[in-house]
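Engineer: Fit chain G to the known structure of chain S by using the hints.
Sequence lines, in order, name chains S and G.
Following my numbering, the numbering of the first sequence begins with 1 at its first residue and continues without gaps.
Following my numbering, the numbering of the second sequence begins with 1 at its first residue and continues without gaps.
Any given hint might turn out to be false.
If several chains are the same, the list does not tell them apart, and a pair holds so long as it fits within one copy or across any two.
List of simulated lysine-lysine pairs, DSS-like, C-alpha gap at most 25 Å [claimed, not checked]:
1) LYS3 <-> LYS218
2) LYS50 <-> LYS20
3) LYS51 <-> LYS7
4) LYS218 <-> LYS67
5) LYS50 <-> LYS7
6) LYS348 <-> LYS7
7) LYS20 <-> LYS4
8) LYS218 <-> LYS409
9) LYS263 <-> LYS67
10) LYS50 <-> LYS181
11) LYS146 <-> LYS181
12) LYS140 <-> LYS181
13) LYS263 <-> LYS348
14) LYS7 <-> LYS20
Calculated from the structure, these hints are not laboratory results.
Note that the structure is a prediction, hence the values are computed from the model and not measured.
If you want the building blocks of each chain, they are given just below.
There are 2 protein chains.
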Amino acid sequence: MTKKILKELLLNRNFTELRKELSNMNPVDIAEMLRELEIDEQLLVFRLLKKDEAADVFSEMSGDEQKELINGFTDQELSVILDEMDEDDLADMVEEMPAGVVERVLARTSPEMRNAVNQLLQYKEDSAGAIMTTEFIALKETMSVKEAFDYIRAVADEREDVYTCYITSGARMLEGVVTVKEMLLSGLDEQIGTLMNRNVIHVSTTTDQEEAARLFDKYNLTALPVVDNEGRLVGMITVDDAIDTMREETSEDFEKMAALNPKEEDYFHTSIMEHVRNRLPWLLILMFSSIATGLVIEKYELAFQAMPALVALMPMLSDTGGNAGSQTSTLIIRGMALGEIRLSDFLKVVFKESRIALICGLVLGIANGLRIFIQYHNIVLASIIAITLVLTVIVSKLCGAIMPMLAKKLGMDPAIMASPLLTTVVDVCSVFIYFNIATILMGL
Amino acid sequence: MTKKILKELLLNRNFTELRKELSNMNPVDIAEMLRELEIDEQLLVFRLLKKDEAADVFSEMSGDEQKELINGFTDQELSVILDEMDEDDLADMVEEMPAGVVERVLARTSPEMRNAVNQLLQYKEDSAGAIMTTEFIALKETMSVKEAFDYIRAVADEREDVYTCYITSGARMLEGVVTVKEMLLSGLDEQIGTLMNRNVIHVSTTTDQEEAARLFDKYNLTALPVVDNEGRLVGMITVDDAIDTMREETSEDFEKMAALNPKEEDYFHTSIMEHVRNRLPWLLILMFSSIATGLVIEKYELAFQAMPALVALMPMLSDTGGNAGSQTSTLIIRGMALGEIRLSDFLKVVFKESRIALICGLVLGIANGLRIFIQYHNIVLASIIAITLVLTVIVSKLCGAIMPMLAKKLGMDPAIMASPLLTTVVDVCSVFIYFNIATILMGL
Numbered sequence: 001m002t003k004k005i006l007k008e009l010l011l012n013r014n015f016t017e018l019r020k021e022l023s024n025m026n027p028v029d030i031a032e033m034l035r036e037l038e039i040d041e042q043l044l045v046f047r048l049l050k051k052d053e054a055a056d057v058f059s060e061m062s063g064d065e066q067k068e069l070i071n072g073f074t075d076q077e078l079s080v081i082l083d084e085m086d087e088d089d090l091a092d093m094v095e096e097m098p099a100g101v102v103e104r105v106l107a108r109t110s111p112e113m114r115n116a117v118n119q120l121l122q123y124k125e126d127s128a129g130a131i132m133t134t135e136f137i138a139l140k141e142t143m144s145v146k147e148a149f150d151y152i153r154a155v156a157d158e159r160e161d162v163y164t165c166y167i168t169s170g171a172r173m174l175e176g177v178v179t180v181k182e183m184l185l186s187g188l189d190e191q192i193g194t195l196m197n198r199n200v201i202h203v204s205t206t207t208d209q210e211e212a213a214r215l216f217d218k219y220n221l222t223a224l225p226v227v228d229n230e231g232r233l234v235g236m237i238t239v240d241d242a243i244d245t246m247r248e249e250t251s252e253d254f255e256k257m258a259a260l261n262p263k264e265e266d267y268f269h270t271s272i273m274e275h276v277r278n279r280l281p282w283l284l285i286l287m288f289s290s291i292a293t294g295l296v297i298e299k300y301e302l303a304f305q306a307m308p309a310l311v312a313l314m315p316m317l318s319d320t321g322g323n324a325g326s327q328t329s330t331l332i333i334r335g336m337a338l339g340e341i342r343l344s345d346f347l348k349v350v351f352k353e354s355r356i357a358l359i360c361g362l363v364l365g366i367a368n369g370l371r372i373f374i375q376y377h378n379i380v381l382a383s384i385i386a387i388t389l390v391l392t393v394i395v396s397k398l399c400g401a402i403m404p405m406l407a408k409k410l411g412m413d414p415a416i417m418a419s420p421l422l423t424t425v426v427d428v429c430s431v432f433i434y435f436n437i438a439t440i441l442m443g444l
Numbered sequence: 001m002t003k004k005i006l007k008e009l010l011l012n013r014n015f016t017e018l019r020k021e022l023s024n025m026n027p028v029d030i031a032e033m034l035r036e037l038e039i040d041e042q043l044l045v046f047r048l049l050k051k052d053e054a055a056d057v058f059s060e061m062s063g064d065e066q067k068e069l070i071n072g073f074t075d076q077e078l079s080v081i082l083d084e085m086d087e088d089d090l091a092d093m094v095e096e097m098p099a100g101v102v103e104r105v106l107a108r109t110s111p112e113m114r115n116a117v118n119q120l121l122q123y124k125e126d127s128a129g130a131i132m133t134t135e136f137i138a139l140k141e142t143m144s145v146k147e148a149f150d151y152i153r154a155v156a157d158e159r160e161d162v163y164t165c166y167i168t169s170g171a172r173m174l175e176g177v178v179t180v181k182e183m184l185l186s187g188l189d190e191q192i193g194t195l196m197n198r199n200v201i202h203v204s205t206t207t208d209q210e211e212a213a214r215l216f217d218k219y220n221l222t223a224l225p226v227v228d229n230e231g232r233l234v235g236m237i238t239v240d241d242a243i244d245t246m247r248e249e250t251s252e253d254f255e256k257m258a259a260l261n262p263k264e265e266d267y268f269h270t271s272i273m274e275h276v277r278n279r280l281p282w283l284l285i286l287m288f289s290s291i292a293t294g295l296v297i298e299k300y301e302l303a304f305q306a307m308p309a310l311v312a313l314m315p316m317l318s319d320t321g322g323n324a325g326s327q328t329s330t331l332i333i334r335g336m337a338l339g340e341i342r343l344s345d346f347l348k349v350v351f352k353e354s355r356i357a358l359i360c361g362l363v364l365g366i367a368n369g370l371r372i373f374i375q376y377h378n379i380v381l382a383s384i385i386a387i388t389l390v391l392t393v394i395v396s397k398l399c400g401a402i403m404p405m406l407a408k409k410l411g412m413d414p415a416i417m418a419s420p421l422l423t424t425v426v427d428v429c430s431v432f433i434y435f436n437i438a439t440i441l442m443g444l
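Just chain S, same shape as in the assembly (with noise of 0.2 Å):
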C-alpha cells in the first residue's frame, strides 16, 4: 500500500479498509510510513493494529517518535503495547527517554518485565549484555523431546528464538545446547542430555558486543548464549541484534575514520548543529596540527625560492604518500576488526608493506621521475621528485601500519588513525624528506 492510499483511506475515515491493508503489511513498512503522518494520524493507526502488531510497529519507531507516541497513548493503550514489546527493545527504548517517560512507562509494565528492563539497564553500553535478551528456552538434561517440545510450546509466545535451546543445571549453569531441528529428528522419547552439545560457543555479559557479533560471522551462528561471572545463563544474543550490532560497528568505524565523531541516528534524522557538533573538533585539531607542516616549509625558503617549481610539485608528494599511507592503514584497521590481524603480527605486518612500499616507491618514484624529466629537462628536479616518491611511500605505508595497530596496543580505537590524522603526520614527513633532498642535490 501507497502512502497516498493510506492517507486517503485516513482521510475518508474507511477504518475496515484501513485495517485490512494494515494487516497484510510488515510491520517495518508500517513504521516508516506512520514516520510521514502527523502524530494523531499515527495514534489513530496505532488503535486499528492488532496488540502484537502495534508492538512491533512502536519497537521500530525512533526514540523521537517513540516519546511523541507515549505522550499520545491512553494509559491502557500503552499498558497493552509494552506487554507485548520485547524485553531487550523496552530496554533500549527506556534507555533514550526522559525522566518523566520512564516512569510513566514503568508504572505500566508486569513487575517482572520491570526486573527484566532494570536488570539489561545495568550492562556497559557496548557489552553483550545490554543487547541479549533474557527471553531464551532453558531445558533440563533429564527431560524427554517430548516434554521438551511440550514446554517450548508452553512459552514460545512469549520467546524471541525457540529454535536454539540451552540445557541447565541446577544452579542455572549453562550445560549445553540444543537446536529443534536435531529434536526433531529424534524419536519423542530421547533424552536432550543424550542430544545435546556440550560444546556450546558463549560469551560473558561484559563481553564486547563487537566481538560477540563476530562470533556469528565466524561460526554461522543465529543464536549466543550470554553467561555472568560465575557461568550462570542470563540471555542470549539473537542473530538480528547481531546483524544490528554489525552494522553500528561498522558505520562507526567508516565515520571515526573520516574524522568524525559517530553519530547515534541516521543523517537526515541529525539535526545540522549536531552534524556540525560531530564535524567541527577533527577540523579544527587536524586543522592545528597542520601547522607542523608549515613551520618545516618555512625553513626551506631558500629552496623554493631558488626552484618555484618545488612548490608546485609539494601537493603531488604530499596526496601521494597520504594516499599510499591510507591504503595500508585502511586494511590493517579492517583487518583487525574482522580479528585477521593481531597485535602479534605486528613485525609480520611491518616486513609485508616495506616490501610492498618499496615496490610501490619505485615504480612510483621512477614514472614521476621521467614525467618530470621530459617535462622540465632538469634531471636535479626530477631525481628529487623520485627519491622523494620512493622514501615517502615507504615512510607513508610504514605509518600507515605501526600507528593503528599502536592505538590498538595504547587500548584506542584503531579507526582514529586512518587517512585524516594519517595524511596530517605523513605531510610532514614528506615535506621534510623532500626539501632535505632538494637542499642536498641542488647543493644549497
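Structural biologist: Just chain G now, with coordinates in the frame of chain S:
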C-alpha cells in the same frame, strides 16, 4: 584443544584420543588449526572426522587449501565429503577450481547435486542467485501441520534451514511462508493454508546480493526466498550467507574508499605482488591527477614570491578541505549503502550540507584567521586565510556530497568518490581559491 596437543597426538599416533578431542571441536576451529599443518597431517585428521564433520571442515577451508586436499583424497574419500556438502558451498568451491579439479569433483557427485551446482553457477557473481541454496523446504497449502512436520522430519537432514518453510502452488509459484514456531503453536490438524502469511518478502535471482542482505537487516529476517522471473520459488538465502555478504560488501567499500582494488582473500593470504597490483593503479592515477594542482600553483608564482608565508600555509588549507570533504562523502556513501539516502534526496542533501559547511567554515576561518593575525601581525594574510577557509570548506563539502551521488546516478560505485579522489579535486579548488583571494587582497 590447542595446536600443540593436536600436534603431539598426531606425532604419537594416538588416534583414539585425537578422534575424541576432534569430536568436541567446532568445525571452524578444526579448519583454523588444520591450516597450520602439513598436507599429509591434514589428510590424516580428515580421516578421523565423522562424514558430516569432514564436509563442514572442508567447506571452511580456502580455495587453495581445498585444491590441495582434493588432490590428496582418494576417490572414495572425496565422494563422501562432496555428498555431505551444502550445494551452495560446493558451487562456490567449483567456481574457483581449475578445470582438471572441477572435472574430478563433478565426476564424484550425484547427478542431482551436479545439476544443482550447474544451475547455481549460472547466476551472476553479485546476484542473489549466486548466494542462495536450493535446499529449502516447500510445503503445500492443503497439508496439515502434522503432515508438514512429517515432511520436515523426512528431509531436514539435507536442509540448511528448516525453520522457515515456504508454501508453493502446483507450478512451484511462491504462495506463502510459515515458520516452525507458528506450527508448534498450532494444533496438529490445522491446515498450513490457514497458518501461512501470504505477504512474503522475497527477491529475484537477479537481485543484487547487497540489496538482499539489506532486507535481512531491515526486516530482521533469518531466511529470504528467491524466485525466478516467473515467480517460481528456486532457492532461499540463509542468514549466515547474508552476513557473509554484508561483511564482504563492507570490506569492498572500505577498500574502494581508500583507493584500493578490492581483494578476495584476507591480508595475509594476499601475496606481495597481489597487494601491489591492488594498490598501484590508483596511486598512479591520483599522482598524475594532482599535476593539475601543480599547474594552478605555477600560475601564481608571483604571489608566493611576494609572500613566502603563503606556501607554508598551503598544506593546512588543502588538508582541511580534504578532511571537510571526506567527512561529507563518507556520510553520503555510507548512507546510500544502507539505503538511508536516495538519489531523490539530492537537493535535500545539498541544502543540508551547505548550511553545515557554512557554520564549520566560519568557525575554522575565524579561529585560524585569529591565529595568523596573532602569529604574523599581518591582517592581509589573516584575511586571506580566513576567507579561503570558509570558501574551501563549502566547496569541499559540496563536492563531497555531489560526487558520490553523481557516481551513483552514472551507475558507478559511489565508494570510489571517497577521500583519495575527492582530495585531488578539492586540492585544485582550494589552491585556486587561495591564490585568487591572495592576488586580490595583496593587490597584485
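Engineer: A separate judgement is required for each hint: does it hold in the structure or not?
Structural biologist: Status of the hints after comparison with the structure:
no.	hint	in the structure
1	LYS3 <-> LYS218	between (41 Å within a copy, 19 Å between copies)
2	LYS50 <-> LYS20	within (11 Å within a copy, 52 Å between copies)
3	LYS51 <-> LYS7	within (22 Å within a copy, 59 Å between copies)
4	LYS218 <-> LYS67	between (38 Å within a copy, 22 Å between copies)
5	LYS50 <-> LYS7	within (20 Å within a copy, 60 Å between copies)
6	LYS348 <-> LYS7	between (62 Å within a copy, 24 Å between copies)
7	LYS20 <-> LYS4	within (16 Å within a copy, 64 Å between copies)
8	LYS218 <-> LYS409	within (24 Å within a copy, 35 Å between copies)
9	LYS263 <-> LYS67	within (20 Å within a copy, 45 Å between copies)
10	LYS50 <-> LYS181	between (31 Å within a copy, 19 Å between copies)
11	LYS146 <-> LYS181	both (14 Å within a copy, 16 Å between copies)
12	LYS140 <-> LYS181	both (17 Å within a copy, 20 Å between copies)
13	LYS263 <-> LYS348	between (35 Å within a copy, 19 Å between copies)
14	LYS7 <-> LYS20	within (15 Å within a copy, 65 Å between copies)
The structure shown violates none of the earlier numbered hints.
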